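Q: Using the sequences plus the hints, can you model the full thing?
Which chain is which? The protein sequence lines are B and V, in order. For the numbering used here, count along the first sequence from 1 and bump the result up by 166. For the numbering used here, count along the second sequence from 1 and bump the result up by 3.
Since the hints were made in silico from the structure, they are not lab data. Keep in mind it's a predicted model, so treat the numbers as computed, not measured. Misleading hints may appear alongside valid ones.
Unchecked claim - So, partial list: chain B residues that the calculated Cβ filter (under 8 Å) puts toward chain V:
1. G243
2. G254
3. T266
4. I286
5. I445
6. L580
C-beta atoms are modelled at their ideal positions from N, C-alpha and C, and glycine is treated no differently.
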Amino acid sequence: MDTIVLSRLQFALTSMFHWIFVPLTLGLSILTAYMETRYVMGGGDIYLKMTKFWGKLFLINFALGVVTGITMEFQFGMNWAEYSKYVGDIFGAPLAIEATVAFFLESVFIGVWIFGWNKISKKAHATSIWLVALATNLSALWILLANGWMQHPVGYVLRNNRAEMVDFGALLTNPYGWLKFGHTLSSGYVVAAFFVMGISAYHLRKKNHVEFFRRSFKMAALFGLASSILVAAIGDFHAAEVAKIQPTKFAAMEAQWETQRNVGYALFLVPDPARERNILETSRVPSLLSILAFQTMDAEIKGLKAFPKNDRPPVHATFWSFRFMIGIGFTMIFLTILAVLFSRRGSLEQHPSFLMIMLFAIPLPYIAGQLGWIVAEVGRQPWIVYGVLKTSAAVSKAIDTTQVYVSLLGFALLYGSLGAIDIYLLSKVAKKGPDDNISTLLKPPRQEA
Amino acid sequence: MEFQIIWFILWGVLWAVYFMLDGFVLGTGMLHHYLARTDQNKKILIAAVGPVWDGNEVWLLTAGGATFAAFPTTYALMFSYLYSALLLLLFSLIIRGVSLEFRGKINSDAWKKTWDLGIFIGSALPALLLGIAFGNIFSGLPMDAAGYHGSLLSLLNPYGLLTGVLFVLLFLVHGSLYVSIKTVGDLSAKASNLAEKLWDALLLIAVSFFIATAIATKLYDNYMSVAVLLVVPLLAVAALIGIRVFLAKSNALMAFVSSCVTILMVVFTGVIGLFPNLIPSSTNLAYSLTIYNSSSSIYTLKIMTVVAFIFVPIVIAYKIWVYRIFRSRVTETDVLKEDAY
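A: See the structure below:
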């Protein structure tokens with residue numbers, strides 16, 4: 167393998183690992199902040215207990231999100247120096263802004279939240295977790311505007327052998343970036359909702375802390391229903407944007423080989439990239455793909471064959487990831503509808519098998535999120551910046567294969583152990599359940615020395 | 004003023020502030036096991052840095068991000084040339100962060116000992132590596148039209164190693180002073196005693212560094228042409244002596260302030276000497292990465308200047324507020340509460 171393949175593997179490994187922690191942070195920060203707000207507004211001690219319990223799980227996850235995030239910033243320079251040189255003028259800005267505007271805010275106020283229980287007023291304490299939630303979501307905005315630019319480069323000119331920014335406003339208002347932001351954010355909320363529902367389901371089956379976990383479940387179910395519908399709705403707009411802007415990606419997502427008008431949608435098909443056709447196809451719903459992509463029945467969809475083979479993304483990875491992501495997405499909407507229904511009726515404990523399903527459904531939104539990123543990033547190939555720079559031209563010249571083999575192995579070992587520790591810690595804390603000894607939690611504010 | 008110069012100054016300030024702030028966290032981490040022999044005291048030290056370590060580390064990310072946005076060519080070449088060293092830095096910072104956050108999550112000796120080791124390695128290695136990296140940046144990297152001719156081993160030259168040791172000692176003194184002002188009783192006294200002992204070694208290494216800099220680098224050239232700049236290295240020396248003077252007066256707080264100033268001024272001494280280079284070439288000066296040949300377009304620099312001038316003061320304001328909230332010393336009763344770590 168050469169440095170390009172190795173660096174791509176390393177980027178995939180490190181970004182996908184990072185993406186295990188970020189979505190839960192995005193959603194659970196909001197849920198925790200909401201719980202603490204209910205407590206501050208006089209909702210009672212149960213909300214304080216909820217804040218503490220879910221907050222502890224939040225922190226374990228948050229720590230890994232923070233440390234694996236450092237890798238992301240370093241990697242562009244380490245492995246993708248030619249990319250960084252070529253697009254740094256426009257791509258560096260949102261990254262630096264992310265650090266200045268979002269990283270400081272979240273890292274400073276997470277410290278206040280962890281250590282500030284007895285040092286600041288209840289309201290200030292709840293505000294600090296809201297600031298953390300705001301900051302993590304803001305951070306997502308800037309990084310997705312940066313990624314949005316790689317998908318749909320805007321506001322630049324090619325000058326001095328590089329892409330130079332000429333319109334910061336265009337970068338900020340790039341619809342591709344905003345759709346990605348909405349889609350990604352709501353997918354993170356779904357992760358958090360299933361996380362809270364799954365752990366609550368585990369305890370409800372065992373009849374532990376029933377009131378506590380009923381409330382947690384119900385809160386997460388509503389949040390989950392709203393966000394799983396939102397993620398699908400924005401996803402629909404997002405896919406239409408892809409059809410307009412990245413025809414090769416869209417064609418690969420749908421395994422569309424021929425350029426046609428009035429294209430139907432096959433619920434099931436198996437692509438055969440070697441022969442540039444599909445092996446198997448169920449009968450198509452007439453015109454549906456044209457409508458989904460361009461909102462009109464006779465819209466033309468460009469097929470993969472319209473592009474040189476070198477300019478097409480890998481079809482299997484893109485197509486299957488997209489299909490499975492959508493399948494999981496609809497499953498999650500279905501599950502959250504049941505979840506809301508049962509928790510509103512107060513009949514959760516009468517459905518032990520549903521609770522069991524919800525426990526094992528925790529990984530679903532995680533998987534959907536990873537698949538979504540495969541669609542986004544593999545589907546963009548062979549481009550690193552769509553239509554502007556090929557991935558093969560982006561890798562650092564100063565690194566050799568030995569270096570990247572070593573680093574890839576190092577990351578695999580380090581991240582593998584961190585992942586194992588994370589799962590061990592999370593399940594230990596989750597199984598233990600909330601702390602009953604509320605008196606230790608409610609120390610009066612300390613007198614200033 | 005030219006935008007490249009504004010960003011050169013910001014670049015230097017970001018690094019210097021990072022070293023000042025993470026310096027005491029790294030120093031405390033290196034001394035964690037040495038200063039705190041009981042679990043109780045170890046918890047106290049973690050609680051002393053706990054509220055601020057993450058926020059301090061972000062200065063590194065911002066320095067990196069600013070290099071990317073303002074000097075993308077330097078960012079690209081520096082990070083790919085120093086690939087293996089940065090990888091080690093990355094791994095050790097990851098280990099440090101996880102160790103600080105996870106140590107208190109399970110109450111078992113083996114668990115805690117593992118993370119104690121992580122805290123030590125994750126603090127000592129970054130201090131050493133960052134010093135070695137900056138020593139090599141000060142003296143220049145072997146680069147020309149064909150690219151980079153160095154390796155991980157070539158970074159371990161005498162001047163690079165000397166700068167590495169300098170950083171380690173600076174952070175050790177800085178960290179022990181921080182522990183001294185953030186704790187009470189024996190722990191605090193042990194820390195300030197240690198700072199006093201380490202100071203002698205720091206003085207020796209700092210003097211060697213200032214002399215070696217004349218031999219191994221061209222940093223002093225700028226001071227020859229603009230003599231008034233000599234104020235900066237002189238301030239570094241004065242602040243270094245200040246540490247010892249205030250320690251003798253048992254004024255640990257002022258000694259800590261002095262070590263803050265020492266670190267800032269040592270970094271500024273190097274950065275001013277680099278100007279207008281960001282990374283000089285040690286083989287052919289024509290291939291140095293300067294603030295002009297590696298910068299972003301003026302348009303981008305302008306946008307980033309506006310962002311920095313709005314948000315950096317806001318960041319500083321809330322950071323000061325947070326340091327005020329956590330200004331009191333950490334005591335045993337603080338770490339009895341189970342919830343904080």
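Q: Could you run down the list of hints and mark each one as holding or not?
A: Evaluation of the provided hints:
1. G243: Check passed: Cβ of G243/B comes within 3 Å of chain V, closer than 8 Å.
2. G254: holds, 2 Å
3. T266: Hint on T266/B: holds, closest Cβ of chain V at ~5 Å, below 8 Å.
4. I286: For I286/B, the interface hint holds, since the closest Cβ of chain V sits about 6 Å away, which is under 8 Å.
5. I445: Hint on I445/B: violated, closest Cβ of chain V at ~43 Å, above 8 Å.
6. L580: L580/B check passes; min Cβ-Cβ to chain V is 6 Å, inside 8 Å.
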